[in-house]
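Residue numbers (the numbering used here), protein chains in the order written: chain A, 1 to 113; chain B, 114 to 232.
Mixed in with the good hints there might be a few duds.
Residues of chain B placed beyond 12 Å of chain A at every Cβ, according to the derived structure [as the list claims (entries may be wrong)]:
hint : residue
1    : Val-117
2    : Thr-122
3    : Lys-126
4    : Thr-127
5    : Arg-135
6    : Gln-150
7    : Gly-153
8    : Gln-154
9    : Gln-157
10   : Ser-178
11   : His-180
12   : Ala-193
13   : Pro-220
14   : Asp-225
15   : Arg-228
16   : Ser-230
Simulated restraints on C-beta separations [what the hints assert, rightly or not]:
hint : chain 1 : residue 1 : chain 2 : residue 2 : range
17   : A       : Ser-41    : B       : Thr-127   : 20 to 30 Å
18   : A       : Lys-69    : B       : Gln-154   : 18 to 28 Å
19   : B       : Glu-167   : A       : Ser-28    : 37 to 47 Å
20   : B       : Ala-115   : A       : Asp-67    : 37 to 47 Å
21   : B       : Gly-129   : A       : Glu-58    : 44 to 54 Å
22   : A       : Ser-28    : B       : Asn-184   : 33 to 43 Å
23   : B       : Thr-133   : A       : Asp-67    : 42 to 52 Å
24   : B       : Pro-174   : A       : Ala-13    : 43 to 53 Å
25   : A       : Gly-15    : B       : Gln-131   : 21 to 31 Å
26   : B       : Arg-170   : A       : Lys-3     : 33 to 43 Å
27   : A       : Asn-57    : B       : Arg-128   : 38 to 48 Å
These are computed hints drawn from the structure, not numbers from a lab. In this text, a Cβ means the ideal position worked out from N, Cα and C, and glycines have one as well.
Letter by letter, the chains look like this.
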Amino acid sequence: DAKTTQPTSMDCAEGRAANLPCNHSTISGNEYVYWYRQIHSQGPQYIIHGLKNNETNEMASLIITEDRKSSTLILPHATLRDTAVYYCIVRPLINTNAGKSTFGDGTTLTVKP
Amino acid sequence: DAGVTQSPTHLIKTRGQQVTLRCSPKSGHDTVSWYQQALGQGPQFIFQYYEEEERQRGNFPDRFSGHQFPNYSSELNVNALLLGDSALYLCASSLEGDRGFPYSNQPQHFGDGTRLSIL
């Protein structure tokens, strides 16, 4: 499984965009990039995923570089409730390794008033 | 539509004991994966169950075992508990079928976990 690297922590002002980077330089062609977040005492919550095109949903946008070696999760207007640990993972889609999502230690995002 | 539910929410055991944790997947999901999350770390994959059989396994000893029932619910069993087994145990469900990977790249949905403390 490809490994990901993320900054340990980031701060963001309330109402501003939060841009969370992720490096996955060893990603292979059959692996998607997924983002989850985990608020204290809760299970990880799915945010968004993508293969190579940029994706947007009601929660966030995902920008994947053309070489797919890195990506950025964008929360367009961060609120205090977005304070959480954000995980970037890659997940293979062929053979039976699909279930083996490999989580790193994530980025702790703190949104400040 | 209920999401993934886990029980109990908290549990305290002593070294050497055995524990069983339970998980009910999200409606419509057929695959259950279990993760261990130590304090301050990301979740680590334990194993995955599909059609009542273990399909994938992470780097965990045989003390960790599981079961999946015909209704897709699952149990995680840990024998001979060690202090290092203290962690948050997470269950995640998905719809994957016999292909071994998600239909339409649908994500796993996680429960809120069981906090296991070993004294």
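**Status of the given 37 to 47 Å range, CB of Asp-67 of chain A versus CB of Ala-115 of chain B** = 41 Å, holds
**Item:** Status of Thr-122 of chain B, Cβ more than 12 Å from any chain A Cβ
**Value:** Answer for Thr-122 of chain B: violated, closest chain A Cβ roughly 10 Å.
**Prompt:** Is Ser-178 of chain B truly not at the interface, in the sense that its beta carbon sits beyond 12 Å from all beta carbons of chain A?
**Reply:** Correct as stated: the minimum Cβ-Cβ distance to chain A is 16 Å, above 12 Å.
**Request:** Mind checking the hinted window 33 to 43 Å against the Cβ distance between Arg-170 of chain B and Lys-3 of chain A?
**Result:** 19 Å, violated
**Asked** Beyond 12 Å from chain A, beta-carbon-wise, is Lys-126 of chain B?
**Response** It holds; Lys-126 of chain B is separated from chain A by about 20 Å at its closest Cβ, greater than 12 Å.
**Asked** CB of Asn-57 of chain A to CB of Arg-128 of chain B, is that within 38 to 48 Å?
**Response** 45 Å, holds
**Request:** Test the statement that Val-117 of chain B is away from the interface with chain A: the closest C-beta pair must be farther apart than 12 Å.
**Result:** 7 Å, violated
**Prompt:** Is it the case that Pro-220 of chain B keeps its Cβ farther than 12 Å from each residue Cβ in chain A?
**Reply:** The claim breaks: Pro-220 of chain B does not keep its Cβ more than 12 Å from every Cβ of chain A (closest is about 4 Å).
**Minimum Cβ distance from Arg-135 of chain B to chain A greater than 12 Å, as the annotation requires** = 15 Å, holds
**Prompt:** At the C-beta level, are Ser-28 of chain A and Asn-184 of chain B separated by a distance inside 33 to 43 Å?
**Reply:** Holds - the Cβ-Cβ distance for Ser-28 of chain A and Asn-184 of chain B, about 35 Å, lies within 33 to 43 Å.
**Message:** I want to verify a distance hint. Is the separation of the beta carbons of Glu-167 of chain B and Ser-28 of chain A within 37 to 47 Å?
**Reply:** Given range 37 to 47 Å: violated, Cβ gap about 25 Å.
**Prompt:** Does the no-contact call for His-180 of chain B survive, Cβ to all of chain A over 12 Å?
**Reply:** 16 Å, holds
Checked against the numbered hints given earlier, this structure breaks hints 1, 2, 6, 7, 8, 9, 13, 14, 15, 19, 25 and 26; the rest are met.
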